[in-house]
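The chain contents come next:
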Amino acid sequence: MTVPHAAKPKSRLRKRLAAWRSRALGRFGSRSISAVGVLAAGVVLAEVNVLGAQHFLRFDVTSRGLFTLSPATRTLLAAQNEPVEIVSLLTRGDPQAVDADHLLDAYRAESELVQVRHIDPDRDVAAFLALGRKYDIAAEERPNGVVVADASFVVRRGEKTWFIRSDQLVSQDAEGHLQSLLEAKLSEAIARVSERERERVCFVTGHGERSIEDAGPDGLAELGRRLGQSNLEPVRVPLDVPEPTDELDGCGVVAVIAPERPFSEAHARVLEASLSHANLLLLLDPLVDADARLVDAGLGGLSRVLGVGFRPGFVIEHDADRRLPRGIGESFFANVATHPISRGLSTSEARLDARPVIVAAQPLLVAKGSFAVPLLQSSARATLLDDLSRVALANSGTAETFVLAAAVQLPDYRSTVGPSESKHARAVVAGSSNMASSDSFRNPQLYGNRLFVENALSWLAERPSTTRVPERVSGSAPLALSEQSLTDLLLYVVLYMPATAALLGGFVVLRRRSLAARSRREPTS
Amino acid sequence: MRVWVLFVRELRSLWVTPLAWVLLTSFLLLQGGIFYTVTLHFAQMADGSSEAGPLSAYFGQNSLLLAITLLLLCPALTMRTLAEERKTGSIELLLAAPVSSTDIVLGKYLASLLTYALMWTPTVLYAVVLRTVSEVDWHVIASSYLGIALVGASYLALGILCSALGKSQLIALLLSTLVQFGLFVLGIGEYILDPGPLRDLSAHLSLTTLLEETAKGLIDTRRLVLHGSVSVWALFVTSRLVESWRAE
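Top to bottom, those sequences are chains X and A.
So in numbering that gives the first Met the number 0, spot 231 of the first sequence is number 230, and the numbers just go up one at a time.
So in numbering that gives the first Met the number 0, spot 92 of the second sequence is number 91, and the numbers just go up one at a time.
In case anyone wonders, no lab produced these hints; they're calculated from the structure.
Since the structure is predicted, the reported quantities are computational estimates derived from the model, not experimental observations.
Quick reminder that beta carbons are idealized off the backbone N, C-alpha and C, glycines included.
Incorrect hints may appear among the rest.
[As the list claims (entries may be wrong)] Simulated DEER-style distance windows between Cβ atoms:
#1 A/LEU117 with X/PRO94: 30 to 40 Å
#2 X/LEU494 with A/THR68: 17 to 27 Å
#3 X/GLY157 with A/ALA116: 45 to 55 Å
#4 A/ASP193 with X/PHE58: 30 to 40 Å
With the rest of the complex left out, here is chain X (with noise of 0.2 Å):
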């Protein structure tokens, strides 16, 4: 008597699909089932993409790790708690539109907080324009058609917002080879609009200084909104208070901007100790007293320390090409020096359609071998008036070169009546400060006026980057082909290369004819 074997699960389950599927299909069909499961495929194919590009992860495999994202900046994205936006605005014909959008992928791939979005201004134009009012963002058409917006990048986190130019975006080394500065401008960024505090622009008052309250065209309204836009935090401290000492404590960078009145000595010690934790900007118009006399600002010792001092005086330019039709001259056009704070102005080596205009300006003093660097020079046929009862002779007198702006940067500064700490102070001086005025800011005509003013602003409110990025050099090494090279490589890929494919071809094919005659033969005999 043999007893049965007790059926194995794993058959007991086939039977019961198979017994399905054969209900199944005499319910509705195979070609019905079959239909079915396509599309069922079809779902799964669709969901396993979309959940594959909202997780995903990108290897770089070049040598030298060019798309590989920098321990710093894979540090910064990891300690980010909030979402931050990164809206690119380069166009399509950009030659860093690719490069930039490999590594914004790498930036999402790396952080699911970090949000990408794209606005060509050639193309996504209402996009563009909504932004551009939003930020004060405008484009301008290169003679090669591509279309280049103010900020390449804006970067943002709730109110705070931080712009990347496009000259910002890459440098060159001393051989020409070009650098991209692209992750490293990107970090700094989110770096910049993840901090809690802003850095503070503190406009002094007290001596009758233009107001970032003012909205008239003479006004600072303008350039205080801008600061603001550019995550610094534009405020008015004035210093005519019972107890000046600390009103510019806390302050990135101090601006004393037009002031009607000499400085008293407190007022310029208060000054002088801010450089040791601040940066200036001082622009001061020439100052006159109630009996039309020129006088002293009363800033003798910041001059001394800065290596920059101010010639009592209205420049008076005489160069039909430079100065403007109305007035006697003291209305021109300046020249400009190469330096990070001129860039995008027209310089003697670049010609563009940016250039300051002064107006009623002073001279500099720069002091012999101190680290003052001039920034804006009127021609060398410019006078001085000096003598404001003789402006009938205001074409007289000795024609020279005058130095209408400067900017310094103390290597090792140590203040002599404020905390002895070492510090790179840097200033910006300039004789005249109607660059800053809101209408520079509003007026299309006047773009280098405030073009100068951003980019003094930008240099003065610098500070060392947070997230140290390497430079990326980028190019390859160029090829060492000769003539013979070329011929030889001719010669190769498009004849020896296709020619031994079609021999081999032909070799195979005739051999296997031959051997399937053979073998049609070899029956009969």
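We have chain X already, so just place chain A on it with the hints.
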């Protein structure tokens, strides 16, 4: 094992006929011409250095030419896989044999894929030749070929599906070219369409983006998922179709 037998059968049928050799010769002639033109352009550049080298440009920045090559090659390789067998009636013998539909489809697919890979293999010599006169990053070369392999995998799978749908080689060729060209055009929408879901879809499908990324040395899992899933889906649908012939 059955897949292997079918694979060898299909491979032999491809390479003992003039078709594969004609395709290979034409392909190498075309690719050689493109590569030489790209290299000549770089050799003539005034300052001699640029963002990308000739190999990167050949695999990626000239991706329109490369895409067109793929659009011609893949349909031609797959047009006769199933359509010809149905027309001649040899499919009946295959279906009667103790092999599953999946085995049949996989065998043919793997043979087409290997043929595709064998066609691209001689182009490695371009990098070898260029190595004597310029820097060559072999990792990037490998990544470039991965991109080409991904495209080939999905396009060949779609080609086999079209071959199953078409009743003759010509119809299979036309259908396959239409489908693949349609996908290519959809991918170009990335540069044309306004921002939105459709542009995101185009960017996801974009063939030029895939080739450009892999030519630079970037491997993105989105592309792996896309082409892998399309290949699997197309082969699944083909095997269901073949199964339905068996039922008939």
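Hint check results:
Restraint check, A/LEU117 to X/PRO94: a C-beta distance of roughly 37 Å satisfies the suggested window 30 to 40 Å. At about 19 Å, the CB distance of X/LEU494 to A/THR68 agrees with the hint of 17 to 27 Å. Roughly 52 Å separates the CB atoms of X/GLY157 and A/ALA116, a value that falls within the hinted 45 to 55 Å. The beta-carbon spacing between A/ASP193 and X/PHE58, approximately 31 Å, falls within the hinted interval of 30 to 40 Å.
Violation of the numbered hints given earlier is absent; every hint is satisfied by the structure.
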